[in-house]
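Residues per chain, in single letters:
Number of protein chains: 2
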Amino acid sequence: MKTCIIAGGMIEDDFASSFLKKEQFDCILAADKGLAFLARAGILPTEIMGDFDSLPEGILDLYKEKGQIPIHTFNPVKDNTDMDIALQRAYELGTTELVLLGATGGRLDHFLSTWQNMKTAWQKGIQASIVDRRNRITLPVKKHFTITKAEQFGKYVSFVPLEDQVKGLTLVGFKYPLAPTDLVNNSGGLCISNELAEEVGEISYEDGILVMIESRD
Amino acid sequence: MKTCIIAGGMIEDDFASSFLKKEQFDCILAADKGLAFLARAGILPTEIMGDFDSLPEGILDLYKEKGQIPIHTFNPVKDNTDMDIALQRAYELGTTELVLLGATGGRLDHFLSTWQNMKTAWQKGIQASIVDRRNRITLPVKKHFTITKAEQFGKYVSFVPLEDQVKGLTLVGFKYPLAPTDLVNNSGGLCISNELAEEVGEISYEDGILVMIESRD
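Going line by line, the protein sequences match chains A and B.
Counting from 5, one number per residue, gives the positions in the first sequence under the working numbering.
Counting from 5, one number per residue, gives the positions in the second sequence under the working numbering.
None of these hints come from the bench; they were simulated from the model.
A couple of the hints might just be wrong.
Which copy is meant is left open, so a pair is good if it fits within one copy or across any two.
Cut-off 30 Å, straight-line C-alpha distance, at most; resulting in silico cross-link-like pairs (DSBU-like, lysine-lysine) [to be verified]: (1) Lys123 / Lys70; (2) Lys123 / Lys179; (3) Lys82 / Lys179; (4) Lys82 / Lys26; (5) Lys147 / Lys123; (6) Lys123 / Lys159; (7) Lys159 / Lys179; (8) Lys153 / Lys82; (9) Lys82 / Lys25; (10) Lys179 / Lys6; (11) Lys70 / Lys159; (12) Lys171 / Lys128; (13) Lys123 / Lys146; (14) Lys171 / Lys68; (15) Lys171 / Lys25; (16) Lys147 / Lys82.
Could you build the full structure based on these sequences and the hints that come with them?
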């Protein structure tokens, strides 16, 4: 099941609407203020959740009145962010592929927390991505995979470890190919702003949690 | 020596100008496109560096003509980002406190790389921060420190580990105090959106690399 979580960060309406249309998700979870975008765009979520402390008044009532969409309300005094509550629900519902919109922009504590929490999806074997107009950040679950020029998100392809390092990273078909190298987190930008040189790029690594960031200027 | 690096990410001119005026840096390093902001604001950098592939034409010439400010030009085909080149120079010059402007917004590969590369400053005992209008992200070099309501950057104070975990994190004087707890990176948002309850908040931890994010909506 392909799930999209719409969170309360920056949403660029045009991009998000066309992205949702193109990707055809089986399940759309609205996390708190993310519901405001869905209401503007006229897109019905599968479920709604949050403490609703950051959602403009009136919006939730529209969905309460309809009464067809499950609404999960949480106490604002909690140890989990709205995003994490949505992530937990996505796992419960049997998500096998996960995209997070509205997870960037604005407060970077939320972004960094969400980025690190994708580790849990990775541990469950669920490929998760954070997407905005300029970036797609993916935690690939396979240790050997390919990307293609036809399907890539942007011109640039960068790699960082989620934690201290990724062992034996190898890049083939790239402008800057890489023989097996341990990519450490303070490498100084070793794998930043790479580009595909061939139609297909081949990526493999031996150990660690790899983060791939496809981006455009 | 207090150094500010101005990089080529998002710069909010009003915020950046007043921040630079207030903070009174000993050294301002312009990294590539960051120079465009300094030119607009009429602020003279101490040194200029980069491959200048992203700097609008004509700007560098202004400084070349003056001939008073050292300009370090690098090959665009390199393993290091412009930010990393500036970081290395900041260390060479004897920086003891470091702030990075223009490190957020836009391409998240650059942001994540810069954030992780602050580890090197931390290893050298240099306190480093990434700052924009809404966020100040700091890697505190001390394992026991305080923050005050008078000096805090925003209403919210969040903590994440730079890598897999921070051991024995303790928070006193906060809305949500914390008894010694191992903060893991996929905690689900345990230390996100905390606030000071007292005038002074006391933070300590035993091991790992702690990241403090002060932010405002």
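Same-copy or cross-copy closeness of Lys171 to Lys68 [CA-CA at most 30 Å]: Cα proximity of Lys171 and Lys68: none, with 50 Å in one copy and 43 Å across.
Identical-chain pair category, Lys159 with Lys179, by Cα at 30 Å: For Lys159 and Lys179, only the intra-copy Cα distance (11 Å) is at most 30 Å; the inter-copy one is 44 Å.
Status of Lys25 relative to Lys171 across identical chains (alpha carbons, at most 30 Å): Close neither inside one copy (37 Å) nor across copies (44 Å); limit 30 Å.
Intra- versus inter-subunit Cα pairing at 30 Å for Lys123 with Lys146: both (14 Å within a copy, 28 Å between copies)
Intra- versus inter-subunit Cα pairing at 30 Å for Lys153 with Lys82: between (43 Å within a copy, 23 Å between copies)
Within, between, both or neither, where Lys123 and Lys179 count as close if Cα-Cα is 30 Å or less: Both. Shortest intra-copy (29 Å) and inter-copy (28 Å) distances satisfy the 30 Å Cα cut-off.
Homomeric proximity label, Lys82 with Lys26: Cα distance no greater than 30 Å: Classified as neither: same-chain Cα gap 35 Å, cross-chain 36 Å, threshold 30 Å.
Same-copy or cross-copy closeness of Lys147 to Lys123 [CA-CA at most 30 Å]: So Lys147 and Lys123 pass the 30 Å test inside a copy (15 Å) and across (26 Å) alike.
Up to 30 Å CA-CA - Lys179 versus Lys82, copy category: between (46 Å within a copy, 12 Å between copies)
Lys123 and Lys159: within-copy, between-copy, both or neither at 30 Å Cα: For Lys123 and Lys159, the Cα distance is within 30 Å both inside one copy (25 Å) and across copies (28 Å).
Lys147 and Lys82: within-copy, between-copy, both or neither at 30 Å Cα: Answer is between; shortest inter-copy Cα gap is 26 Å, intra-copy 36 Å.
Homo-oligomer pair classification [Lys70, Lys123; C-alpha up to 30 Å]: Classified as neither: same-chain Cα gap 36 Å, cross-chain 51 Å, threshold 30 Å.
The structure does not agree with the numbered hints 1, 4, 9, 10, 11, 14 and 15 stated previously, though it agrees with the rest.
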